[in-house]
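Engineer: The residues making up each chain are set out below.
There are 2 protein chains.
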Amino acid sequence: MINTGFELPLDVLRARQNVKWAKYGADVLPAWVAEMDFSVAYPIRRAMDRLVQAQEYGYPQRDGRSADDAVATAFAARMQSRFGWSVDTDLVQPLSDLVQGTFASIWAYSNPGDKVILQLPAYPPFHESISATGRRLVPHPLKSDGTRYTLDIEGLEALVDTQTRMILLCNPQNPTGRVFDRAELTEIGRIAIERDLVIVADEIHCDLVYPGRQHIPIASISPEIAARTVTITSPTKSFNIPGLRCGVLHFGTRALRDRFHARVPARMLGSPSIAGIDATVAAWTHGQPWLDEVLVHLDANRQRLAGFLASELPAIRLHVPEATYLAWLDCSALGLETSAFDFFHDRAKVAFSPGEAFDPACRSFIRFNFATSSRILDEILGRMADAARSAGRG
Amino acid sequence: MINTGFELPLDVLRARQNVKWAKYGADVLPAWVAEMDFSVAYPIRRAMDRLVQAQEYGYPQRDGRSADDAVATAFAARMQSRFGWSVDTDLVQPLSDLVQGTFASIWAYSNPGDKVILQLPAYPPFHESISATGRRLVPHPLKSDGTRYTLDIEGLEALVDTQTRMILLCNPQNPTGRVFDRAELTEIGRIAIERDLVIVADEIHCDLVYPGRQHIPIASISPEIAARTVTITSPTKSFNIPGLRCGVLHFGTRALRDRFHARVPARMLGSPSIAGIDATVAAWTHGQPWLDEVLVHLDANRQRLAGFLASELPAIRLHVPEATYLAWLDCSALGLETSAFDFFHDRAKVAFSPGEAFDPACRSFIRFNFATSSRILDEILGRMADAARSAGRG
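Residue numbers (the UniProt record's numbering), protein chains in the order written: chain A, 1 to 394; chain B, 1 to 394.
If you are wondering where the hints come from, they were derived from the structure by calculation, not from laboratory data. Backbone N, C-alpha and C fix where the C-beta goes; we use that ideal spot for every residue, glycine too. Any given hint might turn out to be false.
Claimed, not checked - Listed next, the stretches of chain A that the computed footprint assigns to chain B, with coverage defined by at least 3 CB atoms under 8 Å from CB atoms of chain B:
id: 1; segment: 108 to 114
id: 2; segment: 125 to 139
id: 3; segment: 197 to 211
id: 4; segment: 233 to 244
id: 5; segment: 358 to 365
Chain A on its own, in the form it takes in the complex (with noise of 0.2 Å):
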């Protein structure tokens, strides 16, 4: 075993205030909400010792511009040289979490009643977007051909009626972990100019990536598809800062923008604070080098949960992900009474995020948070494996 220097060890975690490990019991091993175990980049660390070094807390300007054109700026420069996209830093709006941009361009591109298309299993807050705006979800179910899970066109195509305004994107996909393919991206572009549609991509994935997949961001493909496409990201998810709250929404033309900023003024979303700027512009301009070393890490985790499920608990069926440090266990074929969610937190005390909180009909299934070190990791397929034996299951 490898140490490599960002793991955590379990004694660390343990005493964090976070809510991944506090939520349980101290018996239970967490796997669910995504945060990595890992210490953070060393330029995050740097900037922030700068900013508490300093103590200022004032109205921040970096490089004697406003601070949000300091991370417009980090986000134009690492799409460039990370996808080879060109984006305008006027056509973007920080944000403090992705979830508010996901709220604040349903508000700003539909109307309550509107039907909004979200391909199913997903992350709970979209479901939510939805719900808690007055719109109504069309699930868009991503089907499996037997190695992975797919995007069913012709299935979108028909989804599509007079009342349907919007599709919500997630790619790289929580919690499949598909990486969306040129084609596909060009076909869901095709539907959404061709039946006047806006796109909401969350691509807050775009740097977990595993060899063999490319992310491409969606609004990068045409000039035609941009203009109705709002990407959000973040490196929150990437660089495992989520509590520094910062994000950016990238607007595909003018027109988008201020069709945006007509139902939702700028300023009602806020500013990130000067914590989160320094953290992302150190993280997307000086982070890469740490992250390079933890997608080895994430990949080596990913290899060993599919190869003991294969080996040890085959009735557990997995698509390997492609992106992410998430997996999406099917656990139907265990035969439950329970959840699988709650088989595994009474059973093997490890703490999933449940599948029915993605999909109400997903809850055999969980999503496997395998970001921490190969010790925990070995600890939780473990208990899982010892549970599912004890309970004849195996």
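The hints should help you fit chain B onto chain A, whose structure is shown.
Structural biologist: For chain B alone, kept in the frame of chain A given last:
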């Protein structure tokens, strides 16, 4: 001259990245944006040091509850201990900044075209919150009785018509520094009740009140007033941490809260960062000894400013502020050809906030931020006097 321990020297201030010291030339002394030239309170420094030390930037909890709850709890405790005001933590909505709270409240409780009453002169974002949301500003000018600015209650009553929905109240008032008394607040409340108006009370300066005056939260006066009052506040002004972005919005009743959330879903407002939360809790819970010392210093500056103007620049009229570290200077008797802002910027090399940003009719006014060291204050006052004399305006 006493070194207070929190006054920062000129070289430190000049080296800062903040907008206050960076916006104007190196030969200009800034006395504009409402931020203090002081180091922050030790409890805030300690909270930030601990955060950075622990590097816990994940999804935060504090004391086993959500971090947002910690802010609400600290707010409730402080309102009780400082103002004898009991607030229900369930009625507290965290914000990233107070301008966000103003925009969101106007959005929630009125419609485009509706009228919003605002005492003038007023903090520029209040003007913006009304115009950018397509509402109509109804100016309610403060009156001068020769020694202080007063609320013209009869005038207020006459302004309300069937299209009037809200009163935007800033108390203590920015820029005049008035602390409205119980009689004045009770009258505002009476009118709001009789004419079915919602009051948005920005009370961010509530902690910066000088001896002889007392801040009364308008929502604390009666349950009937509370039922139509949204109070917004934050430690960012009094504890000098605006860049950390954290505040609260308090609804007087559940009904008022539910009405708000029907128009503005809570998650559209985002979340404060854990840095803002920890700093806020530290300030409100442990920051008062620091603030007590700061207030003694600010009071001395206030007296020094008033005395200097009276003896050296009697053409500049000032009603001594009862709260805030802001002074509203009427320079009309100087008979300037330019705006007062331009005159002092160009001739004295001092940057104030231009009066016309607070009221279009006030270009011969400036807002003077006197939260600086005695040394810098004296330099600013000397430059003002020299400029006035050399222009033959003294």
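Engineer: Work down the list of hints and note, for each, if the structure agrees.
Structural biologist: Do the hints match the structure? See the list:
no. : hint       : in the structure
1   : 108 to 114 : violated (count 0)
2   : 125 to 139 : holds (count 5)
3   : 197 to 211 : violated (count 0)
4   : 233 to 244 : holds (count 5)
5   : 358 to 365 : violated (count 0)
The earlier numbered hints that this structure contradicts are 1, 3, 5.
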